Structure formats: C-alpha cells, structure tokens
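Participant: Dock chain B against the given chain A, drawing on the hints supplied.
Chains as they are written, first to last, in the working numbering: chain A, 1 to 329; chain B, 1 to 329.
Honestly, the hints are just simulated from the structure, not real lab data. Careful: at least some of the hints might be erroneous.
Here's a subset of chain B near chain A, in silico, CB distances under 10 Å, partners left out [as the list claims (entries may be wrong)]:
| hint | residue |
| --- | --- |
| 1 | Arg27 |
| 2 | Pro29 |
| 3 | Arg34 |
| 4 | Arg53 |
| 5 | Thr280 |
| 6 | Val281 |
| 7 | Gly310 |
| 8 | Met315 |
| 9 | Phe318 |
| 10 | Ala319 |
| 11 | Leu329 |
Per the computed footprint, the stretches of chain A lying under chain B, defined by three or more beta-carbons under 8 Å from a beta-carbon of chain B, are [to be verified]:
| hint | stretch |
| --- | --- |
| 12 | 50 to 61 |
| 13 | 273 to 280 |
None of the values given here were measured: they were computed from a predicted structure. Built from N, CA and C at the ideal position, the CB exists for glycine as well.
2 protein chains.
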Amino acid sequence: MKQPSLIPPTYDDIAAAARRLDGAAHRTPVLTSRQADAIAGAHLFFKAENFQRIGAFKFRGAFNAIAQLDASQRRAGVLAYSSGNHAQAIALAASLEGIPATIVMPEDAPTSKMEATRGYCAEIVTYDRYREDRMAVADKLAHERGLTLIPPYDHPDVIAGQGTAAKELFEEIGELDTLLVCLGGGGLTAGCALAAQALSPHCRVIAVEPEAGNDGQRSLSEGRIVHIEAPRTLADGAATTHLGDYTFPIIQRLVSEIVTVSDQALVETMRFFASRMKITVEPTGCLAAAAVLQGVVPVKGQRVGILISGGNVDMPRFAALLAGNSVEL
Amino acid sequence: MKQPSLIPPTYDDIAAAARRLDGAAHRTPVLTSRQADAIAGAHLFFKAENFQRIGAFKFRGAFNAIAQLDASQRRAGVLAYSSGNHAQAIALAASLEGIPATIVMPEDAPTSKMEATRGYCAEIVTYDRYREDRMAVADKLAHERGLTLIPPYDHPDVIAGQGTAAKELFEEIGELDTLLVCLGGGGLTAGCALAAQALSPHCRVIAVEPEAGNDGQRSLSEGRIVHIEAPRTLADGAATTHLGDYTFPIIQRLVSEIVTVSDQALVETMRFFASRMKITVEPTGCLAAAAVLQGVVPVKGQRVGILISGGNVDMPRFAALLAGNSVEL
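Next up, chain A with everything else stripped away, as it sits in the complex (with noise of 0.2 Å):
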C-alpha cells in the first residue's frame, strides 16, 4: 500500500488557503430557500460553489495547490488527468499563476469540457479510456516534460483549499448542526470536516454518495480504503472508485456517517434547483441536498449546511433531465 509521503492537512492548512484563495477565487454565496426548509422542515444554507470560478468549487484546490509551486516547477508546467470539473480548475489556476498546464482527458470527454479546458490556454492530451490507463499515460508525460503532477483530491494541498469552501460558510453563518458534502475521492469532505471541526465543534458531517459508488459508506464500515469499479451514475464528479489516503483517515476521524441517493433523486433535485431556486446545480452538486430533501437524513429543526460541489452541466443533458429524459451514463 502506498503510504503518504507528505504531512497531512489541518485547519491552520486551510487558513492559509483562504489567504491565498482571497481575491483569485469567488466568496460564493449561501442562499436559503423557504420552500426548503418547509419540506425538511429545518434552516438550510446552500453554499452555492455552482457560482465559483469554473463553476465548481474545484478552483480552490487547484488554485492553493498551484500558488505554493517553487520557481523550477512553476517554469515546467504542470499536469493533470481529469475529464471534469479538476481539468478547468487546474488550466484556469494555472493560468492565472502564469504557468503552462497539460491536461489529459479521455478522447471521448464531453465536448464542453474540452473547450472549456482548452479555453484557459491548457495543452490537451487525450487518451483511449478503453485500452489506455489515465495514471500511466499522466505518469510518463510527467516524467517526460518534468511536470508536476497536481491530483485531483489526494493532496494536502488540495484538501486544504477545498476546505475553504465550508470555513466561508461558518463564517457567514455561524455554527451549524449538520454539514451535508458530497463525496468522491474526498478532497472536498475531508476539508470541509476540517473545517467544521475548527469552527463548529459540534456539528456532525455527513458525506453522500451516489447509490452506485457506495465505495465511501463501505470503506468507513470495514475500516481500509474500499476499492470498487468505476460506478455507472449520474454524478459524474463522484464516480471514484476509491478514497484517498490523505482523505480517508480524516473522513474517518471526522465524518459522522455516509449516506447514498439514488440517481432518481439527484434529478429531482436538479430540477427543484431549477424552478424553485432559479440555479443550475450538476448531478454530482445535487447529492448533498438530495439527502435532505428526498429525507435520507433526518434534520428536523437542525441548522444544516449543504455544499452545492459545482453547476457545470452539458446544456443538452440538463435539458433531457429536467424533461425526465434517460442519458447517457
């Protein structure tokens, strides 16, 4: 098993972060909604990452990641392997930072992405997700050109800007009894637990998954890093098959519980952000509020902080879900 080689985060590595986050990245807004808190029947504040640069709370890793790079690396380049929303992160922070960034995707990523990707000035590298493995193509250019190698939530660096999403919103308002994030591999729950610990000590934080990927809820249950196929969902940013092992020991020192929704409740929740709310929110940034809202997790009359992960979504596809069309998985 690969050990960390690097000391892992804590709260005093989220400070900094939003030192550094302050002025390149958004203070996104927290929005409440009466209609709700009527059907939880508690006080909800959405903090909304859907508004963030690149439209996911992704930059916040990537961009606290990024500012700390020495000269030598900086004059290389870095890279990352992501079809998502870590891929505009990365270009765009890279960007910013004036460094050049490599990023490789599948060949079949959504179109959007890539353009969006492309758009910030990052180099593309694409690869046959069928026949050829994603880390060893990373790894190689890597080794090639001398990048350095930003990875997509199991970094300390990364957990800690991520975890400046939830400090901005007990910041804003005050402590909470329950944090609902949404989990993939991890950088985002492990930072925003950190965070909770430091700021409300007393708040439980709850993680969701996608009933497809349960490989968290397992994980937590027997203890070691579960690993499973690559799940079939809708919620793209959180179809991981592993945690990390910067995020799990944290996960499992700080997240009370983790819960699945199925994909039927993710669009569901998409489409009452859409009406009710009047904001875009991608399948992955439903789950948090999916928990909630469709009942998963009790919180009647709780103070509950839900993370909204991001709002990049195909327009095509947000269409076809909100008719209650099937797509592609």
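Facilitator: Relative to chain A, chain B alone:
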C-alpha cells in the same frame, strides 16, 4: 381616452416603497460574469429579480400597493387579473397582509402558475380567453364583491414598488452609464427610470421589447399610446398590447430609446444564463440582457445595469428551449 385619476409617482414614492418592502421583499443579489463582460466589452451588473419572492420583481409593486390599503379595503379583499407573475405576487402579498385575494385567470393558464397562486391561498376565478373579456370579468367581480383591483402595471403604487429594484442596484454599485429594463406594460421601466433619474442622473435608460410586440417603441416614436394585437412571443411577461396612462408619460420623459430583440435571441440568452451564469431566467427576464449580449445596444467600455425580471418558467418548457426545440407560443 381614460385620464389618470391618481397622482403620478415620483422618486419619493419609490423611497417610501423601499421602506414598506424592507423585510418583506428580498434584497436580490447583483451578479457579475467575466464571460458576459468579455462578450459585451463592458462591465455588466445583473440585478437578479429571479431570486425575488415569487420568482419575479412583481412582488415589489404588488406588496407596495396592498400595504397601503385602508381597513375596509382590507376586509373586502383584493382582485387581480393575470395568468403570470402578477397573480402570484398579489396572492403572496395579500396573504402576508392577511387580506383575501381573488385572481382572474384564463382557464388554460399553465398548471404550475395556477398551483403556485392557489398555494398562497388565493381564490382563482377562470374565464375563457377566446370568448370573454378579462377586464369585464374582473370589473364584475370587483363590483359584486367590493374588491379593490390591483392592476398589473398602470398604478402609481405598483410603479413605485417596481422602482425599488433599480434603487437597490444603484445603491449597491453606484452610478451607471446605461440601464436596460424589459418592457411590457411599463411598470418596471417607469419605476426604474424614476430611480435612475434620482440616483444616477447621467444614466441612459433603455427599454427592451420582444420583436413581435413593439408597441412601446411605436408609442415613443408616434408620441401616443399605440395599441397592438396580443403579440405571439416567448416573452409572455411582455406580451402586453399597450402602455398605460401612468407609465407612458414617465417613459416618454425618461427613457432614451426602446429596442427590440427576437425570440431566438431570448433563447440564446436563456441558455447563456443557465450554462454560464448558472441561473434560471424566464424568457421575459432575458430581454434586457439579450439586447447587450446580442449586440443590439452598443455599450463598449461602459458600466451597464441589466434588470433580470424573473425566473418563472415551467420546467418542460425550460427544458425544451434549452434543448433548442420549438415550443407553443
């Protein structure tokens, strides 16, 4: 020609309306977007009334009018004829003030709007819009039951209430070079123009109509209120047939120009809002933004205010428009 019998509103009435609305209406956010700024080559400030209560600015005028009723008017109740946002606005404002509300709606009004209106405890009276005149239906009801009719736009209190949207915008971001407002019957435009005159006297106010219903544009050029047939346009909130006796003189005096945009431009703008700015905006709410983003009104280098009037659109319709499918007008 019917003559106004009440005193035309002034900025003082807007300031008074703002005091009445404090705590009842939301102070909606002002959104910015680097992408929108890049398209326009300007600094755009979007006043997001889609986040207002009932999902549109109409709540402002409705509440301001209802809050000023005397005790006997309150006992008897209020009446409105509307199939759209004004109906919900009156229903909610009346309910907050503990006043009975009756809404006259065409029997084929969208189910979602009927349900939303009923949800605020209003009584709905339907009519056949192909055989009956809604004004006649409403007048008869008002007379029989002693109800006070709150018109959708042509009333000083309604105009003053709508003006608070622009007042908040100027207070938050300072003076502007141009303010764009969607134009139906002119309540929002007149109110916002009065606010602009008081708070940003050098700001040019431009009203935006749907191409299919340019009665305002024609009225301005002919110097009289031009009546047209009910226009067929996606912008249902601006599908009015004529300006009002109160709204026209204010618009004539304070609005520099009235421009039109096509339904196609509205759909493209709606898609931009959903995909890039992550917000749901109804077609009427896209009018002002479309004029800038589609280059109808040149604003290069300027500070530009854009009123987003509302976000109430049925999800099947929203989905169809985002998907590029045609919908019934």
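Participant: Checking against the hints above, which ones are violated?
Facilitator: Checked against the structure, the hints that fail are numbers 1 and 11, while the rest are satisfied.
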